[in-house]
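Asker: Given the structure of chain A, go ahead and fit chain B onto it with the hints provided.
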Amino acid sequence: MTFLPTFSIKISMNIFWLMMMLSSTLVLLVTNPSEMLNEMIGAGADALELCIELCAVYVVWLGFIELVDASGLSKKLAKLLRPLIRKIFKINNEETEKIIALNISANMLGVGNAATPMGIRAMQALDDKSGRANFAMIMLLVINATSIQLLPTTVIGLRSNAGSANPADIILPTLIVTFTTTILGIILCHTIEHFRRKIKGGKRK
Amino acid sequence: MSAYILPVLFLLLIIYCIFKRINTYDSFVKGAKGAIKLVVDIFPFIASILIAVTLLRVSGITTFLTQILSPIFNFLGIPPELTELVLLRPFTGSGSYALLEDVLTTYGADSYISRCACVIMGCSETIFYVATVYFSQTKVKKLLYAIPVALLCSIVGTILACLLCRVM
Chain A
1127 MTFLPTFSIK
1137 ISMNIFWLMM
1147 MLSSTLVLLV
1157 TNPSEMLNEM
1167 IGAGADALEL
1177 CIELCAVYVV
1187 WLGFIELVDA
1197 SGLSKKLAKL
1207 LRPLIRKIFK
1217 INNEETEKII
1227 ALNISANMLG
1237 VGNAATPMGI
1247 RAMQALDDKS
1257 GRANFAMIML
1267 LVINATSIQL
1277 LPTTVIGLRS
1287 NAGSANPADI
1297 ILPTLIVTFT
1307 TTILGIILCH
1317 TIEHFRRKIK
1327 GGKRK
Chain B
31 MSAYILPVLF
41 LLLIIYCIFK
51 RINTYDSFVK
61 GAKGAIKLVV
71 DIFPFIASIL
81 IAVTLLRVSG
91 ITTFLTQILS
101 PIFNFLGIPP
111 ELTELVLLRP
121 FTGSGSYALL
131 EDVLTTYGAD
141 SYISRCACVI
151 MGCSETIFYV
161 ATVYFSQTKV
171 KKLLYAIPVA
181 LLCSIVGTIL
191 ACLLCRVM
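If you read the sequences in order, they're chains A and B. Note that the first sequence covers residues 1127 to 1331 in our numbering. Note that the second sequence covers residues 31 to 198 in our numbering.
Excised from the complex, chain A in its bound form (with noise of 0.2 Å):
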């Protein structure tokens, strides 16, 4: 590992979570230390009020992913998609292939609030409880994170209210941007896993 140093950093949300907190408190301790408090308490009201709309969103979202999968459509979409789906995430398990294929199939249609529970299903059935992020699941968020949908709706709703003469010119080039991040992801992925395999390979003769 010691000749790809970058790859061997571990990183977690553990660290990121204590940069944010100690800096800010740090700050915050000398500039405004008496509304500390109530800020981090109107955050969790703020986190509240995001979960009960999230609830809402959700309650209408597994209810529609339940007929999907009931139909069987999840099924025969699986199906569909499952040579893509194999070749990325270099998996081969029909029951996760599914979730996944419903995961991409909600970030693509724009409402990435239907995707998360789908993702959070996938990152459990990908999970192998070794405590390490596994290739699949790296892939999923990378792929998640890049945001592959069609059509950005939210953003021409915004700017058509803000009174814009054609608000859905932006899909182009919103659509040619996420492609090739996407791409970038998964060669990206690919690449680093190949050459952790190679040192890994090494380190063992």
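Check before you lean on any hint, since a few could be wrong.
[As the list claims (entries may be wrong)] Listed below are several chain A residues computed to face chain B (Cβ distance under 10 Å; list not exhaustive):
(1) 1174
(2) 1242
(3) 1258
(4) 1284
(5) 1300
Everything labelled a hint here was simulated from the structure, so no lab data went into it. The beta-carbon is built from N, C-alpha and C at its ideal position, and this holds for glycine as well.
Answerer: Chain B in isolation, oriented as in the chain A frame:
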């Protein structure tokens, strides 16, 4: 036009379910059951990240970072007016949409800056939020290279978005 997509898909789904003789009500209820449990499970994760992001904003660190990063972003072809949006996008969805609305009203919906902001929003995600929530129900503690790769793609996307908006 895009307003029709989801209703039409729902209609097709319901017709398909009738055709397949599925008890739609029973199935819908069965799926909907999972909603509250899911939200209860992810609430602490959402709250923790929102608390950290709020403190980061209140403490003025984001403003400070915006000032530092503006010249670098400008060098990469990203308008300095969008630094804060680009910076906050990986952390908060609602926060970055509020910033987008600001940009749209301040600079006009059809200005170069607004179009850049729209494309950036359309092709990026709240990476840290998605990472926290997606991994929340697993045993995973180490994400390895997931976040660096996601962030890198996001930056490349942002630069490409600003470039494309110049010519398209």
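Asker: Next, verify each hint and record whether it holds.
Answerer: Hint check results:
Among the interface hints, the one on residue 1174 (chain A) holds; its C-beta lies about 7 Å from the nearest C-beta in chain B, closer than the 10 Å criterion. Given the 10 Å rule on beta carbons, the hint for residue 1242 (chain A) holds: about 6 Å separates it from the nearest Cβ of chain B. For the restraint placing residue 1258 (chain A) at the interface with chain B, the shortest Cβ-Cβ distance is roughly 5 Å, inside the 10 Å limit, so the hint holds. For residue 1284 (chain A), the suggested interface contact is upheld, since its CB lies about 6 Å from the closest CB of chain B, less than 10 Å.
With its C-beta approaching chain B no nearer than about 4 Å, residue 1300 (chain A) sits inside the 10 Å limit, and its interface hint holds.
When each numbered hint is compared with the structure, no violation occurs for any of them.
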